[in-house]
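J.: Here is how the chains run, residue by residue.
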Amino acid sequence: MRNMIAALAGALFGTGLYLSGMTDTQKVQGFLDFFGSWDPTLAFVMGGAILPMAVAWAMTRTRRPVTGGDFPARPDARLDRKLIIGAVLFGAGWGLVGLCPGPALASLGFGGLGGIIFLIAMLAGMMIAPKARRILDTPRTAG
Amino acid sequence: MIEADWIWGLIGGLLIGCGGAVYLLGNGRIMGASGIVGGLVDGSGRSTWVERISFLAALILIPAAIAALAPTPATTHLTENLWLVGVAGLLVGLGTRIGNGCTSGHGVCGISRLSPRGIVATLVYIAAGALMVVVLRSFVGGI
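Residue numbers (the numbering used here), protein chains in the order written: chain B, 1 to 143; chain D, 144 to 286.
FYI, nobody ran anything at the bench for these hints, they're computed from the structure.
Ideal placement from N, C-alpha and C gives every residue a C-beta, glycine not left out.
Warning: the hint list may mix true and false statements.
Distance ranges between label pairs, derived from CB positions [what the hints assert, rightly or not]:
#1 L51(B) with E223(D): 32 to 38 Å
#2 T62(B) with A211(D): 39 to 45 Å
#3 A213(D) with D137(B): 43 to 49 Å
#4 A124(B) with F282(D): 23 to 29 Å
#5 I196(D) with V66(B): 15 to 21 Å
#6 R64(B) with W192(D): 19 to 25 Å
#7 R61(B) with L274(D): 35 to 41 Å
#8 R280(D) with P75(B): 31 to 37 Å
#9 P75(B) with G188(D): 17 to 23 Å
Covered, in the sense of this in silico footprint (three residues per stretch, anywhere, with C-beta under 8 Å from a C-beta of chain D), are these stretches of chain B [stated by the list, open to error]:
#10 4-16
#11 22-35
#12 47-53
#13 87-99
#14 119-133
One chain only, chain D, in its complex shape (with noise of 0.2 Å):
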């Protein structure tokens, strides 16, 4: 990590926070990424659909124009391993309707209210994603 990383990852911390009180505090509802997404996708979240386009829209959207406009070129550093990323793709989206939540929604917005749904499927997910790291290490030879 180089030393700054804490400092920008604290205040983009802060700011998806700010983000999550909006929404919460504005429109009543929890800002988690795979709800609002997956209530597209299956048609459960019909009625809203304006509201879910506009946060999606603004999510996209944003990133974009400053990544645009920053000097240096953002990168994902996503593997080149296209089989991979679609797997990966397939099980986070099947994960987080089966499990209702993500990084944002049980991560972020669960925990901050002691909810024990949240803080299980955050430590699972975590351990989850840490297993797998290790046998990419392992078995594959790195990340």
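With the rest of the complex left out, here is chain B (with noise of 0.2 Å):
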């Protein structure tokens, strides 16, 4: 049952993302040109994603998981250097080429050599960001 949810989740997240036009890094560079020709469609398919999660979010106060556990944890409102720094590397790549891991999976089908040499390094960036976690969170000594 898990596992049929997730793969629907999937579906509709791939469908989502390629009918949206979000698997074209040429409109995701085009939204984060805001001082060349803007290309807002990121912002409709952003606005869009956010309105059935957020009822979702909100059917979250008075039920459980159909498949039972609990729902996530209330957010946590700390901000911390992981956060921004990690933010800013993944904006980095991400205004560099277009892609983020969403998108970057699902036009895998589609993307060619460079759509699997993204990935393969976005992997790697992946398995090596633990030891990047743990530098951070040792507390710097002044000076």
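Put the two chains together into one complex, using the hints given.
T.: Here it is in structure tokens:
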């Protein structure tokens, strides 16, 4: 049951990414190009995706997950160095070629060699990330 | 932006949000592409690997099938500079796992529950991405 639900979610996610044009790196870089010919499509995709998600979050208040267990804990309000450094690195890579993890996976079937290289490099980055997190966790001594 | 692009963006966005809602209400989990892949790569999601693979298989195969059946060939317009692609992939993999989320996790799922971390991360990675596009435009001569 959990696997069926996960597959359904993946199918909806992939179809949505494809139809919205987010597997096209030109549209993503076009959105990030605020000082050039700005393409607002990504804002519509975000807005459209946030609507059903907001309804779902509201529904979590009065029920439990269909397959049992608990919903994720309340979001942590604390901002830390890892969140900011991670977001900066991710944003830099995202802007560089216009791919983020979801569309990179969704376009794997038609993205050619470049798509495969991006995925392998992304997996390598994810593999070394725990080490980077540990370094960022160590408190820095003054001076 | 072509006129119909925002409509497709909105439709695709709604589907992405529905995927996230299904995953949340069904399995009690946040649909973040980098978290689902990353947990497989660094071993932190070993106990839920079947569910993760089910999600990823659908996310890769469904858009591939749509692209194969579509009347016009799908293209990602990814740069042909494979060094750039590799560096970007590494940054995206590293950044999303250090910062604990990407466009789907922090963006769609975080903003929709008004998570301060999700909102801050999203603003930071969009700013970093926009800056990178400016750099590409100014120094490399185009994106």
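J.: Now tell me, hint by hint, if it's right for this structure.
T.: Hints versus structure:
The beta-carbon spacing between L51(B) and E223(D), approximately 37 Å, falls within the hinted interval of 32 to 38 Å. The hint said 39 to 45 Å for the Cβ distance between T62(B) and A211(D), and at roughly 42 Å that hint holds. Range check, A213(D) to D137(B): about 46 Å between beta-carbon atoms, so the 43 to 49 Å window is met. For the pair A124(B) and F282(D), the supplied restraint of 23 to 29 Å holds, since their beta-carbon distance comes to about 26 Å.
Range check, I196(D) to V66(B): about 20 Å between beta-carbon atoms, so the 15 to 21 Å window is met. One distance hint, 19 to 25 Å for the beta-carbon pair R64(B) and W192(D), holds here, with the actual separation near 23 Å. As the Cβ distance of R61(B) to L274(D) is approximately 38 Å, the hint placing it in 35 to 41 Å holds. Range check, R280(D) to P75(B): about 35 Å between beta-carbon atoms, so the 31 to 37 Å window is met.
Against the hinted window of 17 to 23 Å, the Cβ-Cβ separation of P75(B) and G188(D) comes to about 20 Å, which satisfies the hint. Requiring three or more residues with a Cβ within less than 8 Å of a Cβ of chain D, the coverage given for the stretch 4-16 of chain B holds, as 13 such residues are present. Counting residues of the stretch 22-35 of chain B whose beta carbon lies closer than 8 Å to any beta carbon of chain D gives 12, which meets the minimum of three for the stated coverage. Residues of the stretch 47-53 of chain B lying with their CB closer than 8 Å to a CB of chain D number 7, which satisfies the three-residue condition for coverage.
Judged by the Cβ-Cβ criterion of 8 Å, the stretch 87-99 of chain B is covered by chain D as claimed, because 13 of its residues qualify and three suffice. Residues of the stretch 119-133 of chain B with a Cβ under 8 Å from some Cβ of chain D number 14, which satisfies the need for three, so the listed coverage holds.
No hint from the list above goes unmet by this structure.
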